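2 protein chains.
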Amino acid sequence: MTVTGPQGFRAAGIAAGIKASGALDFTLVVNDGPLDVAAGVFTRNVIKAAPVLWSQEVLKQQRLKAVVLNSGGANAATGPGGFQDTHATAEKVAEVLHTGAIEVAVCSTGLIGERLPMDAVLSGVDTAVKALDASDEASLNAARGVMTTDTKPKQAFAKAESGWSVGGFAKGAGMLAPNLATMLSVLTTDAVVSKEALDRALRSATHVTFDRLDVDGGTSTNDTVLVLASGASGVEPTDAELTELLTRVSLDLVLQLRADSEGATKDVNVTVQGAESETDAIAVARTIAEDNLVKTALFGSDPNWGRIAMALGRVPARIDPEQVSITINGVTLFAQGMPAADRTEADLTGRAIEIVVDLNVGGEAATIYTTDLSHGYVEENSAYSS
Amino acid sequence: MTVTGPQGFRAAGIAAGIKASGALDFTLVVNDGPLDVAAGVFTRNVIKAAPVLWSQEVLKQQRLKAVVLNSGGANAATGPGGFQDTHATAEKVAEVLHTGAIEVAVCSTGLIGERLPMDAVLSGVDTAVKALDASDEASLNAARGVMTTDTKPKQAFAKAESGWSVGGFAKGAGMLAPNLATMLSVLTTDAVVSKEALDRALRSATHVTFDRLDVDGGTSTNDTVLVLASGASGVEPTDAELTELLTRVSLDLVLQLRADSEGATKDVNVTVQGAESETDAIAVARTIAEDNLVKTALFGSDPNWGRIAMALGRVPARIDPEQVSITINGVTLFAQGMPAADRTEADLTGRAIEIVVDLNVGGEAATIYTTDLSHGYVEENSAYSS
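Taken in order, these protein sequences are the chains called A and B.
Counting from 336, one number per residue, gives the positions in the first sequence under the working numbering.
Counting from 336, one number per residue, gives the positions in the second sequence under the working numbering.
If you are wondering where the hints come from, they were derived from the structure by calculation, not from laboratory data.
Note that this is a predicted model, so its numbers are computed, not measured.
Certain hints may be false.
[Claimed, not checked] Rough simulated footprint, nothing fancy, chain A against chain B, three-plus residues with beta-carbon under 8 angstroms:
id, stretch
1, 530-539
2, 632-643
3, 701-712
[Claimed, not checked] Pulled a few chain A residues facing chain B out of the computed Cβ check, cut under 10 angstroms:
id, residue
4, 417
5, 632
6, 656
7, 717
The C-beta atom is built at its ideal place from N, Cα and C for all residues, glycine as well.
Sequences and hints are given; from them, build the entire structure.
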């Protein structure tokens, strides 16, 4: 149990026939209350998929009874017809659950530019409603129903000492990037929370977790993170407690997304510290994380700090070349404008790589979670239309 | 003859012993006048190699007698010692040519963070000076002396009807990116020109050529484009004529650089038109050109316009999703917010790919010259320290 770990939630994941393979492709999460408070963050791409346009609209009132998700098609760049398909899906879920469509969020993931097979989607709603359950199996199936090139489901759960908890699942294997990855995630909590507190906590949590995952710089048309609160635990945490637990579960999911991202053979943390502002720290870390020459060197287990220096030097941030130091897996290779140790002293043969860049001009820091660039990434993304 | 195509120039390319392989690694270009006017543009990376710091300084007076270049080492991130090496190289060239070091530019390319073998460099100057010649062979050797992962030398030449000409060579196979590629290029002309006219013409030419080549988003620490004018033709072209011929030769070199860039299997032009500003057009074209999901799809000959839509949607430019059209190799696949034709109608099996994005919100346009992202790129950059 993860998305159904917190009290007051049921979920289902089924094969609705959207994917030709017959794999699970349809997920439903229902909040049985007593509260129906919700919050969401969405892709900043100006090209937004129909389900994002819909869910952004319904989230304005911050109340959700259910979230319906499908893999096998992104329903993006599909025009007014695609939007009608999303609307019809929400209406169908609302009808079966005896609620209003305004309380139903919709998420889709898959190929851009293709309409969904609506017969399969609508009959999938009926099948999914019958399968709704709070069991571990239902929870796992819900996580499976949103997988595309993911090789495994991603679930997380954490419980506070005072008895309330946060759970959730996520999907996303490529197009993982600035400001939310290709990513769908549904989080649940049985805490008693106000709309305002839940919204603040979600934004704080995603700012340092989902927003910091950057596999390939792509920002999907469909990125969505939703959190639903049932209040079923009867416990009202402080803002800090809520943010802390949401952040912990989100980071857990982000690290699972990174580990399973397309072609990844390295888990790379790029930390920039000593920056004048958090904005500078994020920009420098992101540029290093997205640089293909850095990423291919990491694939080759090569501590090529020269490429890191090249990458950071092209960021419009406050950087003094004489002050910068570059440390890889604990070995400082560059400092005071010149080499500080032989590159061979840094061992990059393991899967985990820690790059720490100290700009030494301020007190701000940020970490971006990324991967290497491997043959597997090229293979998967040149052979697979997604 | 190319760099020695214009009258008044001699060149040499030799093996100085900087590269362990014994390949050519040292190039000298000399301007025999009567003029010694010059102009240069340099990397915008804040981490600048020692030869860039030196050459930027000497170019302030816009007079050059010679340019000395080496491959086998970038002399970047090498501290004060590295700068002294560059200075010593310029002094040595000046001494042998009976001029001042202030008239000698220096360029280096190769691995970042390693000092150059100065015995080899300084004795290379003596050998190169003896080999100076205006022949085709000397010109070709000069182009070869700067090669790193380039598989072939890049030379270009164009002559105006009124009898003056522009020639040159370039190198650069990876780290080819925003605002000059990893790139060294020396251009020559026998036109009679003022410092001001030459500087303006070089900036105009590079703005639409070298600045528009973007293979992998990397901006090298060493990027340099120099132009030397001898005045030996006795002909003084207009500003427009000078800019036109410099642009033509620069574009010729840029397309050669693209064709020979690491792992490239496709020559891709990304043109954005109908933009509100040239800045918007460049930003959108560059983001599409740098997107790994777009680049891997092109490697797979897949007209995956959904990835192009995703990429352009994350640019902070004026974009109305309903107005955008995407055309690949002559087939419009996306328009008015939805698919306009079946993707299979666009044939991407050839090497040349033309992507045209019309934003339909203005009258500005720009083209970025890029490539696909292939297994060859990953292989070359994970196995080779550069």
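A quick look at each hint next to the structure:
1. 530-539: That given contact is violated, which follows from only 0 residues of the stretch 530-539 of chain B lying within Cβ reach (below 8 angstroms) of chain A.
2. 632-643: n = 8 at 8 angstroms, threshold three: holds.
3. 701-712: Holds, because 4 residues of the stretch 701-712 of chain B bring their Cβ atoms closer than 8 angstroms to Cβ atoms of chain A.
4. 417: holds (7 angstroms)
5. 632: holds (7 angstroms)
6. 656: holds (5 angstroms)
7. 717: holds (3 angstroms)
Hint 1 alone, counting from the list given before, is not met by this structure.
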